[in-house]
Structure formats: structure tokens, C-alpha cells
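Asker: Spelled out from the first residue to the last, the chains are:
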Amino acid sequence: MCGIAALQLRNPLLHPQMGSLLSSMMCQIVDRGPDSAGLAVYNTPGLVSAGTSTLSLLGKDQGMALPEVKASLDAMLPADAAAAVRVVGDTTLVSAAVGTDLLVKAVSETLPGSTIIGRGEHVAVMKSVGHPMDIAAEHGLEAMSGSQGLSHTRMATESAVTAGGSHPFSVADDLCLVHNGSFSNHATVRRDLKREGVVFDSENDTEVGARYVASRLQQGDTLEEALVNLGKVLDGFYTLVVTTADSMAVVRDPIACKPAIIAETDDYVAMASEYRALAALPGIENARIFEPEPGKVYTWSL
Amino acid sequence: MVTLTAPETSTDTNAEAAQHAASTDSFSVDLAGSPVRELNQALHNAVDGQSWTVANPEGKHSLAVGIDARVSVTINGHAGYYAAGMHQKGDVTINGNAGVGLAENIMSGRVHVKGDASQSAAATGHGGLVVIDGNASARCGISMKGVDIVVGGNIGHMSAFMAQAGRLVVCGDAGEALGDSIYEARIYVKGTVASLGADCIEKPLKEEHLAELGELLAAAGRTDNPADFKRYGSARNLYHFSVHNSTSY
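Top line first, the protein sequences correspond to chains W and V.
With numbering that gives the first Met the number 0 applied, the first sequence corresponds to residues 0 to 301, in that order.
With numbering that gives the first Met the number 0 applied, the second sequence corresponds to residues 0 to 248, in that order.
Derived by calculation from the structure, the hints in this document are not laboratory data.
Hints should not be assumed to be uniformly reliable.
Claimed, not checked - Straight line, CA to CA, 27 Å or less: simulated BS3-like cross-link-like pairs of lysine-lysine:
| # | chain 1 | residue 1 | chain 2 | residue 2 |
| --- | --- | --- | --- | --- |
| 1 | V | K189 | V | K202 |
| 2 | V | K113 | W | K257 |
| 3 | V | K113 | V | K189 |
| 4 | W | K295 | V | K113 |
| 5 | W | K104 | W | K69 |
| 6 | W | K193 | W | K231 |
| 7 | V | K113 | V | K88 |
| 8 | W | K257 | W | K295 |
| 9 | W | K295 | V | K189 |
Please take these sequences and the hints and turn them into a complete structure.
Answerer: Structure representation (C-alpha cells):
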């Protein structure tokens with residue numbers, strides 16, 4: 000059992016409330032996965048900025064003082080890259096006005112022991128071990144503004160309770176995936192992807208799903224096509240939520256082993272494992288509330 | 000039809016109980032300010048004739064479970080998992096949707112959901128009536144053992160799986176594998192059936208079936224015409240294990 004709460008805000012007037020709304024949703028899914036948690040937030044001022052790549056690194060302590068990290072990055076990157084390094088909660092954020100690939104290279108050389116848990120122009124990813132609401136508070140979720148937010152509370156089954164095993168998995172620019180359930184053939188699919196040159200960060204089954212989706216998107220699939228293909232290749236129980244810079248997708252396995260409920264209004268699309276996570280959203284009494292059909296891919300774009 | 004005995008009858012005969020039974024006290028509970036456990040304890044202490052209104056359920060789990068008296072409970076809003084589970088005698092109305100496991104193991108009485116119900120509604124129910132005005136998700140009436148279920152909309156896949164007794168009425172469409180491994184329950188569907196499960200077949204709709212269907216629809220407050228439905232039930236080929244059927248299970 001895990002908990003998922005995701006929110007896409009269609010009405011920009013709600014953007015300042017993204018964090019408080021997501022926080023209110025998340026606190027209702029803590030029971031479903033109290034061991035660790037993660038968050039992905041999109042277009043949050045102070046965490047990401049347009050025209051700049053941002054990498055989210057696991058942990059606040061990277062074994063090197065922040066000014067030294069910045070100096071090392073400045074030395075490696077073009078003069079106008081204006082690298083910035085800061086710690087938010089238990090996450091280190093590195094930004095620079097260069098492409099993501101170049102920033103990944105510079106960070107990997109500067110901090111070879113670091114784990115990159117989020118990348119892109121729009122997304123910041125934060126995850127840790129402990130009570131989900133402590134993690135959310137430590138990162139200051141309540142005050143965050145943004146266009147989309149994704150949260151996950153984990154009850155670990157397929158790999159250990161570690162920060163790296165927490166969701167979301169963000170393995171391509173602005174792409175995040177969270178999972179309630181378990182993939183049964185993840186080792187096989189991982190081997191196939193490794194043969195194609197894909198590099199993994201963890202032993203987690205969900206990372207395989209995320210890497211698979213990223214691989215399909217890279218090969219030209221739309222988000223919907225990638226998730227249809229995932230259903231053909233990965234076996235197991237799943238409710239997945241996938242977010243990109245401007246879209247959100249939900250899919251459940253064909254026998255609907257794991258719960259999901261969606262509320263849609265003119266102002267937002269919200270998805271959660273259980274209705275109680277949606278109960279406090281504004282205008283919920285007039286929302287269109289439905290359970291996604293098994294095996295059907297739902298997508299919404301901003 | 001074989002129906003397992005539901006503890007339908009009240010044996011309260013002493014004067015005190017009778018006095019309580021005559022009372023028509025009304026109570027209201029606001030779950031924004033009190034825990035579900037208190038509500039359920041109060042309902043367990045309740046006596047025949049009382050009516051209860053519950054405000055701000057907000058999808059909380061296990062609302063109004065274990066009722067064992069002729070009380071009337073109205074929940075104004077959406078309920079979470081296992082609402083009105085292990086229900087006997089009473090009458091529960093949910094003015095909203097219900098989560099997984101609505102009226103699980105209901106023995107008697109009535110549970111009415113005005114919106115949709117999630118998976119496994121009325122699972123293993125032995126008796127009573129469960130009415131869902133909207134849609135029900137997968138596994139509606141799974142292992143039903145005598146409960147009657149009337150769904151105004153559609154039902155999901157694997158509904159009435161291993162159904163043993165009772166009636167399932169669907170005014171919309173049914174999902175895949177309806178009535179898989181069914182024993183003796185009777186299923187009535189007005190719309191389409193995506194597929195029938197193992198050993199579930201369409202059967203003739205005779206006068207006696209039109210009559211019972213009419214009664215069930217009326218009990219659910221519906222005006223659908225019984226003649227528009229088709230009946231499904233067990234082919235009884237898998238009723239007893241036979242090695243020849245091993246690939247059919």
C-alpha cells in the first residue's frame with residue numbers, strides 16, 4: 000500500500016495555493032505509506048526558474064561546502080551560466096543557465112557520490128525517509144506556489160526503505176512518476192533497459208517503470224503511448240501518476256488492483272488514492288468525481 | 000433458492016426495549032469535530048427507532064459499521080472505505096459516493112448510496128438490500144451470499160464473482176467476466192455485458208423472474224421496465240469439481 004496525491008492547477012489564480020492544497024491532500028494519505036515520502040513541484044518560484052536548468056540532489060549534505068560546489072561548477076560551466084547551489088529541507092538544488100545534460104555532467108564530476116533525483120527547467124523533486132508530513136514541512140511545502148504538484152507516501156515492498164527508494168522517480172527532464180503497487184517483472188525489464196544503455200540509480204521496481212517511460216518518450220512516444228506500452232511490458236499491480244512540464248497522466252493496471260479517484264473542475268485536476276485526500280479542495284462539492292477505468296490512460300495538459 | 004439464515008428477527012421482548020423501540024429520537028453528529036469511533040460506538044448503543052444524521056464525513060473510513068438495530072442513519076457527503084459494513088437491521092443512506100467495500104458482509108436491513116460506489120460493494124453480503132443509484136466499480140457483489148443489490152448505473156469487471164445466493168440487478172452495463180464461477184445467485188442486466196465469466200450463462204426471463212425483478216426495482220425506487228433486462232446465472236458445470244474442467248477454473 001502506498002498513497003498518491005497529485006494536483007494540476009488550471010487556474011493560475013490558484014498557483015499561490017499549490018503547496019497548501021497539496022499538503023492538505025498529502026496529510027490524508029499518510030496512513031497508506033508512513034515510512035518515507037517524496038514531492039515534485041512544478042514552476043515553483045525560488046526552486047526553479049525559466050531559462051535555467053535545475054537538478055535536485057538527494058540529501059542536504061553533499062560532503063562539500065556549498066560555496067566550494069558553486070566554485071567547482073563555475074569553473075566547469077560557461078561564464079554566464081551563473082550556477083547557484085542551495086539547500087531546501089533535505090534536498091540540495093543546483094541551478095545554472097545551461098542545458099540539463101551539461102549541468103548533470105558538471106555536478107557528477109563535482110559530486111561523484113551524489114544522487115540526482117530530479118532534473119529539468121520546471122520541476123524540483125524532494126524526498127526523504129520519515130513521516131511524510133515532517134518531510135513536507137522540512138521542505139516548506141505549505142508555502143510553495145506552482146502549477147503542478149505530486150506527492151507520494153511509501154509503504155515499501157519491493158526495495159528497502161531508503162530516501163533513494165522513495166518516489167517520485169524523475170529520470171528525464173521534467174518527467175516524474177509515482178507508483179502505488181509493485182511490478183513483478185521489474186528485474187527482467189531492468190536487464191533489457193540496461194542492455195540498451197540505460198543507467199539505474201536504485202534497485203527499486205518503480206525506477207524501472209520511470210526509466211521505461213523515459214525511454215519510450217525518447218523514442219518518440221507521446222505520454223499516452225508510453226503508458227499504453229508500459230502496460231504491455233511491465234506486469235504487476237499499479238496505479239501510476241506521471242507528470243511532465245505541462246501535463247499529468249493517470250493509469251491503473253487492467254484489473255484495477257490499486258485505488259485511484261479523480262476530481263476535475265475548471266480550476267484543477269486532482270488525483271488521489273482515496274477521496275478523503277480530495278475532500279478539502281476548493282469547489283469539491285461541484286467537481287466531477289470519478290474512478291479511472293482499469294487499463295485506460297488519462298492525460299490532462301495545461 | 001438457498002438463502003443462508005440472516006438474523007432478521009429481533010427478540011427484544013422486555014418492556015424497556017419496547018419503550019426504546021417506540022422512541023423516535025433524532026441525533027446528529029458532525030465528524031468535523033468528533034472521531035468516527037465515537038459515532039460508531041453511539042450507533043452500537045442505539046436502539047430501534049432512532050435516527051441519526053452525520054455531517055462532514057469527508058471520505059473517512061468505516062462510517063456506520065456494525066449497526067445492529069432498526070435505526071436510520073443519513074450520511075451527508077462522501078464516505079470512505081467500508082461504509083456500513085457488517086450491517087444488520089438498520090437503514091443507512093449516503094448522500095454522496097462510497098469507497099471500497101461498501102456494506103461488506105451486510106446481513107439484513109438496507110444501505111442506499113445516492114452516488115457511486117467503489118470496488119467490492121456488498122461483498123460477501125448475506126442478506127438485506129444494497130442500492131447504488133450511480134455506478135459501482137469492479138467486484139460488485141463478489142462472493143454474495145444472499146444480499147440483493149440494485150445498481151442504477153454500470154458495474155465493473157469481475158462482479159458477482161463466486162456469487163452463491165441473492166440477486167444482483169444492474170440497470171446499466173456490466174464489465175468483463177460477469178458472474179465468474181457463480182453458484183446460485185441471479186443476475187439481471189439491462190444494458191450490455193462486456194463478457195461473461197466462467198460458467199455464467201444467459202438464462203430465460205420467466206414470469207417468476209419478471210415478478211422478483213419488479214419487486215427489487217420497486218424496492219430500490221426505480222421505474223425501469225423488468226422486461227428490458229436479461230437474466231444470467233450459473234450453468235452449473237463447474238458446481239462440483241471435475242478434473243475434466245480443470246482448465247476452466
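Asker: Which hint numbers does the structure go against, in order from smallest to largest?
Answerer: none
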